[in-house]
Structure formats: structure tokens, C-alpha cells
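> In the order they appear, the protein sequences are chains A and B.
According to my numbering, the residues represented by the first sequence are 15 to 378, in order.
According to my numbering, the residues represented by the second sequence are 2 to 322, in order.
Worth flagging that the hints you see were computed from the coordinates, not collected in a lab.
These figures come from a predicted structure and were not determined experimentally.
Distance condition first, Cα-Cα at most 30 angstroms in a straight line; then the derived BS3-like pairs of lysine-lysine:
1) A:Lys-364 to A:Lys-248
2) A:Lys-364 to B:Lys-320
3) B:Lys-320 to A:Lys-20
4) B:Lys-320 to A:Lys-375
5) B:Lys-233 to B:Lys-112
6) A:Lys-149 to B:Lys-251
7) B:Lys-251 to A:Lys-251
8) A:Lys-375 to A:Lys-364
9) B:Lys-112 to A:Lys-55
10) A:Lys-251 to B:Lys-320
11) A:Lys-248 to B:Lys-320
12) B:Lys-233 to A:Lys-55
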Amino acid sequence: MTAMPKWADAVLVPLISLLIAFVISGLVILAIGEDPVAAMKIMVTGALGSTYGWGYTLYYSTNFIFTGLAVSVAFQAGLFNIGGEGQASLGGLGVAVACLFVPWPHWSLALIGAAGMAALFGAAWAAIPAYLQAKRGSHVVITTIMFNYIASALMIYVLVTILRPMGAMDTASARFDPSLKLPRLGDILGLVGIPFNNRNPANISLLIALVACAGVWLLMWRTRLGYQLRAFGKSEKASVYAGINPVRITMYAMLISGGLSGMMAINTVMGEAQRLLLNSVEGAGFIGIAVALMGRSHPVGVLLAAILFGFLYQGGAELALWTTIPRELIIVIQALVILFTGAMDNMVRKPVESLFLMLQKGKA
Amino acid sequence: MDFATLIQILDSSVRLATPLLFACLAGLFSERAGVFDIGLEGKMLAAAFLSASVAAVTGSVWLGVLAGIFASLLLSGIHGLAAITFRGNQLISGVAINFLASGLTVLLGQKWFGLGGRTPPLTGEGRFESITLPFADAIAPLPFIGPIYAELISGHSALVYLGFACVPAAAWLLYRTRFGLRLRAVGENPAAVDTAGVSVVGIRYSAVAICGVLCGLAGAYLALGLAAGFGKEMTAGRGFIALAALIFAKWRPWYALGATMLFGFLEAVGNRFPTIELGPIAIPSQFVQALPYIITVVILAGFIGKARPPRAGGEPYVKER
Chain A
15 MTAMPKWADA
25 VLVPLISLLI
35 AFVISGLVIL
45 AIGEDPVAAM
55 KIMVTGALGS
65 TYGWGYTLYY
75 STNFIFTGLA
85 VSVAFQAGLF
95 NIGGEGQASL
105 GGLGVAVACL
115 FVPWPHWSLA
125 LIGAAGMAAL
135 FGAAWAAIPA
145 YLQAKRGSHV
155 VITTIMFNYI
165 ASALMIYVLV
175 TILRPMGAMD
185 TASARFDPSL
195 KLPRLGDILG
205 LVGIPFNNRN
215 PANISLLIAL
225 VACAGVWLLM
235 WRTRLGYQLR
245 AFGKSEKASV
255 YAGINPVRIT
265 MYAMLISGGL
275 SGMMAINTVM
285 GEAQRLLLNS
295 VEGAGFIGIA
305 VALMGRSHPV
315 GVLLAAILFG
325 FLYQGGAELA
335 LWTTIPRELI
345 IVIQALVILF
355 TGAMDNMVRK
365 PVESLFLMLQ
375 KGKA
Chain B
2 MDFATLIQIL
12 DSSVRLATPL
22 LFACLAGLFS
32 ERAGVFDIGL
42 EGKMLAAAFL
52 SASVAAVTGS
62 VWLGVLAGIF
72 ASLLLSGIHG
82 LAAITFRGNQ
92 LISGVAINFL
102 ASGLTVLLGQ
112 KWFGLGGRTP
122 PLTGEGRFES
132 ITLPFADAIA
142 PLPFIGPIYA
152 ELISGHSALV
162 YLGFACVPAA
172 AWLLYRTRFG
182 LRLRAVGENP
192 AAVDTAGVSV
202 VGIRYSAVAI
212 CGVLCGLAGA
222 YLALGLAAGF
232 GKEMTAGRGF
242 IALAALIFAK
252 WRPWYALGAT
262 MLFGFLEAVG
272 NRFPTIELGP
282 IAIPSQFVQA
292 LPYIITVVIL
302 AGFIGKARPP
312 RAGGEPYVKE
322 R
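Please work from the sequences and hints to get the whole structure.
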């Protein structure tokens, strides 16, 4: 059935799925005795009504762009990387090591170094599941889940026994040197004369995330490796027959994916906290799954979906502040988005397809 | 380590292994029928929440168990709808179910009890009491056998014994009944079952439903037996450990018993000895906590025997036209 035009597949179906997810979320809000319309208003004004709100929205979006890209690169190669959470926390460790132990002369050099270390640590954490999938056929979904738990234990160990300064109470590393503070989005926009609130954590990492979007697009659609990744994802048998090495492709896909997840840490660890905290990822690795599904694994889609989730995240925080609705509402919305855009895709797609088929028959 | 300590650790292993055993058998039914289920964690969590809520309100532990099974079945229904009817990606559906449970339990818990996602602590009739097996007191003074019988075997709650009974029951159902044969066949070669005139969809839905009931029991035991009430994210990855045990057990019921006992034992040792000192080297507690996950990866890597999943696992069945 090729009755459906491309735009319907890429835009219409996800939008309808999203609508269903939102309607059900509204019903959930109704069920816990709150007004969904009022809730939506609080979310919109809180997340988008001021440049302060926009700053937080974009700060969260930056995380989700990285993790969303990470999941989508693996998706394109037919691999489901649920390990974004663990890879991002290891990325945080990479940032901390780069910022604590290297005397950087300038923040910009430190940013490049930290981003490299973050990607390296994230990729390294994805390497073992990738190798086991490629060489020994152990399912990457289960191994990456296991590696999330191992990462969390490892991070507790590293923070408590190694990185925590002597005598400090909370499980966190020492503060980075103040000269390593990244420029805030407000400073950058101020240079070109756009007034933007400066009391929010949005920072230069957003620009790096946008560069990453463009980079992933170039990689996937303009290089030989990208073509091989996509071919491998479409049909493993056909691509192996065409001479593509499955071990190599699996490794590349997972290493790139892990690296992108890890790079999320420059936003949270270097851009905001300025030290490595326990659980600095806060579920962003998992939100990457919803973002990639929603964005149809395309960088442009991922970017838009990441902004949507950034809005939901900040809006959810505002809701928790002004109403009795807990922040966990966002997890429910996230679950519904994954369910309808990911698992129950056919529920929307099939009726839309037959609708287009009917329209075509009507014309003929 | 003396004998009494060993008995204590084994006793706690049995209790910690029970939810894993239920969840592992749950996954076994679902995956043997060709439906991957990484939503065990979410179903357990939902079951733990609703069972604790109902037990807290009604004061009846068995009503709590029923409510837990209901919650888990509801999520199983969603999984079935996505994976079987709409032929969606089973892994993605499982992820969605985990998040749905994680969010809804806190949302509803806050709405109903206002305790930040917890349920009120359960007492008396709202909790499972331990059952003292006959002659436990009489045998207890005997050396060696006494403590084993009186402390290790006797004195658990009803669900622990039910869990152990489920193992032979599952083995019988899978290997000795017509339904079991069909269920296994649906996981290996659904087209053959379809050709024989048996509904693939029907068998898969029943398998997913059995999975729901067992996950419900796992969650109910967590909230009503192991703990006294529900706490946010109280499953703490047990659904995934159960999944790991399932792979370790090579999708077989008796092996599942062994695998879950091993993981239960690891958790019990981790609880009893926060740090283990082997001569000059002290093993950090975090390592002991991460051990089940590390072992799983090693097993998955195929270094300890090769685990072969059901052949049609994860693939939606499409009738040829």
C-alpha cells in the first residue's frame, strides 16, 4: 500500500498519535480532580510565557536533543538502545574528569575537551553491549538495561569514594573552576541585541546540540557510513549480502549513539551544576526514546520533539509548583506518547492509510 | 559465618526470591508464546500499588491481592493490544508500560492518600502473616534439621508457598497439556499453529493474561508480604532481574526456580554484608548490589551455556494473504 503521501506518514500520523496521547493525559488530569484546561494554561505560561520560562524549556530540550539523536541513530540501524541513561551518566563522569583534572586556559577549550571526554565515556559504556550484540548475539535491549543499573552503582561508588571532596556531606564532586563556567544563552543572545532572561540554565550547549542535529543528518543521509547504517536497519540480510559488515555497523551505530547520549552531560554537568551530582541525568536518557519515536528518528523531527518535551518538562515543574498535580504527570504523558507513537502506531496508521486509499479511488 | 547466620540468609533469600519467581514465570509464559515483555517491572509496580491501596482501605489482604492482579491484567491488556492486535513493537510497548506504571502510581497515590506517592502503612489483616507449618515448634529444638524446618521452610507467608507451587504447575501446564504445547508452538512457529486451525491471537492473549496474573502476584507480595505498604518505585528493577533470571533459566520453569533463588540469595547477601572483605581487598557494597546485573550480562554473553530464545519471539504474527 503506497497510497499515503510522504507528508502524511511523517507529519499527520505522529500528530494524530500525539493528539490521542494528549487527550488521554487530559482525562488523567480530570480523573485526579484537576482542570485540564487550567493546567494547560499554567504549563504554557510557565514554559513559554517569558524568556525565563523559555530558558528552562530550551535547557531541558538540549538534553533531549542529545538523547533523542542517540536513540534515533541506533533505531536507524535497527538497534534499540535503552541505555541512554547509563551512557549519559558516564558522560557526566567524563565531563567531571576533564574539568577537575585538566588546567584549561579558557572555557572554550575546556568545552571542546569536556565534550570529547563525555562522548568518549558515553561511547565506551555503549561499547560492551554493542560488542556482545555484534559478536555473541546477546540482545542489546537487555544488556543496555543491565548497564543502566551497573552505571548507577558505579557512579555511586565513584562519587562516594573517589570524587567526593574530604569532609563533604553530599555525594557530589568538587566544584569546577569558576573560569570554566559556560556562557549562558542570555549572554549569547545579548551579543546580537536580543533581550533574554539570564537567570535560567540554558547555555551554549544548545548550539552544540543544534550542530549535533546537523551532524547526524549529514552522517545519515550524506555519507557512505550513514547509508550502510540505514541499509542495515532496513534489512540485515540484504545489507550483509551487499557486503556490509554487520559487526562493524553494529559497533559504529552503538558507539555513535552512546557518544551522543554522553554529550548530554556538557549541558547538565558543565552548563548547569558546575559539579558532578548523583543522578544528574534525571531520566533524560529515557525521554530520548519518546523523542526519537515522536521525531520519526529524523534530526528535524527529533529537534521539534525535544522542544515539545522540554516544554512538557518545564510546564510540568510549573504545574507541580502551582497545583497539586505531581511532576510525575510528565512520566505519564511520556508513556502515552511512547505507547501511541511507538507501539500502537498501526492503530492510527491503518485507518489513515485506508482513508487515503478511499480518496484515491474517489478521484480515479 | 556460622550455621545460624547461613539459615538467616537463606531464609531471607527465599523471601526476596519470591517476587522474582512470580515475575520470572510470568515472563516465561509470555515469551514462550512469542511475546517479549520488558514491562514486567511496570506491571509489578502497578500491582504493588493497587494491592497496597486496596488492602489499606479495606483492611483485607486477599482483596488487595485481587486488586493487584487486576492492575497488572489491565497493563497486560494494553501490551496485548499493542503487541498482538496492532502488531506494534513489543519492546517499545514494554517501555511505555513501565513509564505508565511509574507515573500513574505516584499520581494516583498522591491523589488518594496525599503521602507523596506512598500508601498508608499496613498492619494486621492488611498484611500477609507468616504461616507456621505443622510440628515446626516440635522439630525446632533438633540439631541441624530443626532450624532448617522451623526457620527456613516454615514461617513464610502464603504467597511464598504459592510461588513454589507455581513452578511444578507451570511445568505441567507447559509440557503436559494441549494448551502448553500450543503455547510453545506459537512461540516457535505460529504459522504451523495457525495451519492446524488454532487461533494464534487467542493463545497469545491467554499467555499474556497468565503473565498478568503472575506479575500481579509478584507485585502484591512485594507490597503486602515483603514490605508493609507501597513506596515510590518500590520494585527497584526487580522486573528486569526477573527477565535476566528468565534468560539464565533458558525459558524453563524449573531452571527459573534455581535462577531466581540465586538472585534472591545475592540480594540477601548484599543486605546482610554491606561490604565483603576478602583478605586485604574490600569489595564495595555497590559492587555486590550490581552483581546480579553483571552476572546477567556475563550469562547473556553466552560464557555460561548458550541461551536460545523462542524463535518467533518479538515478532507479530501476520497471516499470509
